[in-house]
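S.K.: Each chain, letter by letter, is given below.
Protein chains: 2
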Amino acid sequence: MYEELKPPSRLLMGPGPSNVHPRVLKAMATPLVGHLDPYFLEVLERTSDLLRMVFDTKNEFTIAISGTGSAGMEACLCSITEPGDEIIVGVKGTFGERMVDIVRRLGGKPIIVEQEPGKIIEPDQIKRALDESNAKAVAIVHAETSTGVLQPLDGIGDMVRKHGALFIVDTVTSLGGAPVNVDERKIDICYSGTQKCLNCPPGLSPLTISERAWTIIEERKTPITSWYLDVTMLKRYWGKERWYHHTAPVSMIYALYEALRIIEEEGLESRFEKHKVTGEAVRESMKALGLDLFAQEGYETPMLTSVKIPDGIDDRTFRKTLLTKHNLEIAGGLDVLKGKIWRIGHMGYGTQPAFVLPTLTAIEKTLRDLGRDIEPGTAASAALQVLEKL
Amino acid sequence: MYEELKPPSRLLMGPGPSNVHPRVLKAMATPLVGHLDPYFLEVLERTSDLLRMVFDTKNEFTIAISGTGSAGMEACLCSITEPGDEIIVGVKGTFGERMVDIVRRLGGKPIIVEQEPGKIIEPDQIKRALDESNAKAVAIVHAETSTGVLQPLDGIGDMVRKHGALFIVDTVTSLGGAPVNVDERKIDICYSGTQKCLNCPPGLSPLTISERAWTIIEERKTPITSWYLDVTMLKRYWGKERWYHHTAPVSMIYALYEALRIIEEEGLESRFEKHKVTGEAVRESMKALGLDLFAQEGYETPMLTSVKIPDGIDDRTFRKTLLTKHNLEIAGGLDVLKGKIWRIGHMGYGTQPAFVLPTLTAIEKTLRDLGRDIEPGTAASAALQVLEKL
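Read top to bottom, the protein sequences are chains A and B. When we follow our numbering, the leftmost residue of the first sequence carries the number 93, and every step to the right adds one. When we follow our numbering, the leftmost residue of the second sequence carries the number 93, and every step to the right adds one.
It cannot be assumed that every hint is accurate.
In this list, chains with the same sequence are indistinguishable; a pair is considered to hold if it fits within one copy or across any two.
[Unchecked claim] Straight-line distance between alpha carbons at most 25 Å, and here's what the computed DSS-like set of lysine-lysine pairs gives:
| no. | residue 1 | residue 2 |
| --- | --- | --- |
| 1 | K412 | K332 |
| 2 | K150 | K417 |
| 3 | K118 | K98 |
| 4 | K417 | K118 |
| 5 | K254 | K432 |
Keep in mind the hints are simulated off the structure, nothing from the lab.
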């Protein structure tokens, strides 16, 4: 009745989890040591170092929250938000909306700066919100996973700082796939996830907090509502004191360490270039198939391509065929975009042609099987034209 | 600079993480599928079934929270506690104190029922607290990991129910090692951890909620403060709807599934017996070495033995010797018990003589090296006398 695990071998080309690198899978099987073992504390320290590299920051407090990206989102917002605090939130998709929900639960007042899904938030919108409020922080999603839009961040940090507010950025989907530049962009709090461009299983949320943000956190008048996500206590475990807070998820940290080692060996710049070119290749390929792209032109996420579902194609049938006939996972839309778009991920390890070409080919074949008149090889050819650049 | 993972091979005989079963390590390396993949949803369903078996409950909502045991504790308390709510908390060690901290952060009023560390809470104390308050819930720790005391639970559920309150029990350390009997004991909310008697890496918190508790949760006037730990939303993912909340930690679920499969194959009763006899063996062994036990007699946890550190022995030096010379981890005391007790775990897979005997022998040898006059073989002999029963 309880059979051994025998999962089908899937190409995970949705918004995550992405395919985990074989070296990371191997790391997951590494025998454990205790969470206060000198060996493990050394691994934690190296993991922090490597996270500083991908975040591009000097922040001492650079850790991984023991939960998925949403736990990281909540950890950031709950460390800053006190009842009555105004928090400006950029909403251009599901994950911005999630931030609003969290701020409300904390008793904060979200000031929503909105754009229709598929578009970026204009810096001017944030400027106006800052001028018209007494906001404690501005929170925005870098790569909005629900729409495939990459939010430009340059210049916002300065604006936010001029108003004495904190700059919080969600890089769940972008970290390791596009430049995040925490320090240069004056981001005060930045969190991410492991199951996207880091090619690590879901379960941890990398997080970095600037000294500037710590000053604000330490001046809180009310306790942080969450014990589990209380960064002031996590600081005592990840810092020199090594104080026991909760038992760290040892195996997940092993996996993250190995995933970051792979990125360090490859080099961030090379990795960014692969995502950029692959993103372009996938877009060209979709256009060659006659599909329309969804994200605002020029602001497409390099690790996730959103396309409009063509008329006459049933979303569920199409994706079910991909899954069962081609062992390929891509995702549909979330919330208002359900049934309207597909989301095709090409993240980290998943940018290699061995993952991308069969994905594009399976999409093409399935469209053809549903009666579309497409010459075999169209999708791959269009992509290969672009992939030549690499 | 960033070396491959090469952890020392430790015997993990502290309060957890315990040694992970090799089959579970192998499960961790299983390639991932998506968190909404039909295959994964099937694994989730089977995992819920198996969790019902170890919790001994028919509760439909029986899941794993995507965080460690403390996340489970917070998920329970934050789903019940609204501002101003009185929650009776049994405090007889660190984990009871943690509950109090969480209730306070949520704006609840903890009513503390206290005992000195090492003792059990008497049912009469709870009865009095119920009579004198308008408590919404009674929360208590079954196996208090900080002291090695097993709290009797029989009869409390009836008392709590008579007062219209909910019964919340922490079984982080006991689940899979001692009978938990959720339904029989009328426990309404019960959570646990994976890194103790389940021999799975830390990172998940099994949780079960009764229909009775759901009625109370659904009558809340204020939103649950935590988005990540909001059980009403988790119910929609783990239930038939399979609604996307957060990305489930796929690999950790694989590991938990395999760990539970091992328990199912072995049988719960056989497992409980192994813990019971091993606990007795370890206690006899400690006494034979001339050490005093810490937990109230007759209420020792069968999976964790607490002993007083003998006069003249330095805690840190002793444990460092065990770790570096014998690759053996046992734990010291927490908070007020720091430097006063040791905690020796014998959990699940770790109850086998191949783990227990070298542990006892290393403790004996280290005491001898520090000048104690002990005949070689004393610790193992005393244990083996008891282990004959198995």
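S.K.: Now look at each hint and say whether the structure bears it out.
M.R.: Verification of the supplied hints:
Proximity of K412 to K332 under the C-alpha cut-off of 25 Å is restricted to the inter-copy arrangement: shortest distance 18 Å between copies versus 50 Å within a copy. For a Cα distance limit of 25 Å, the shortest separation of K150 from K417 qualifies neither inside one copy, at 47 Å, nor across copies, at 37 Å. In the homo-oligomer, the alpha carbons of K118 and K98 lie at most 25 Å apart both inside one protomer (17 Å) and across protomers (12 Å), since each shortest distance falls under that limit. In this homomeric assembly, K417 and K118 never come within 25 Å of each other (Cα to Cα): the closest approach is 28 Å inside a single copy and 28 Å across copies.
In this assembly of identical chains, the alpha carbons of K254 and K432 never lie at most 25 Å apart, being 40 Å within a copy and 53 Å across copies at closest.
Consistency note: the structure conflicts with the earlier hints numbered 2, 4 and 5.
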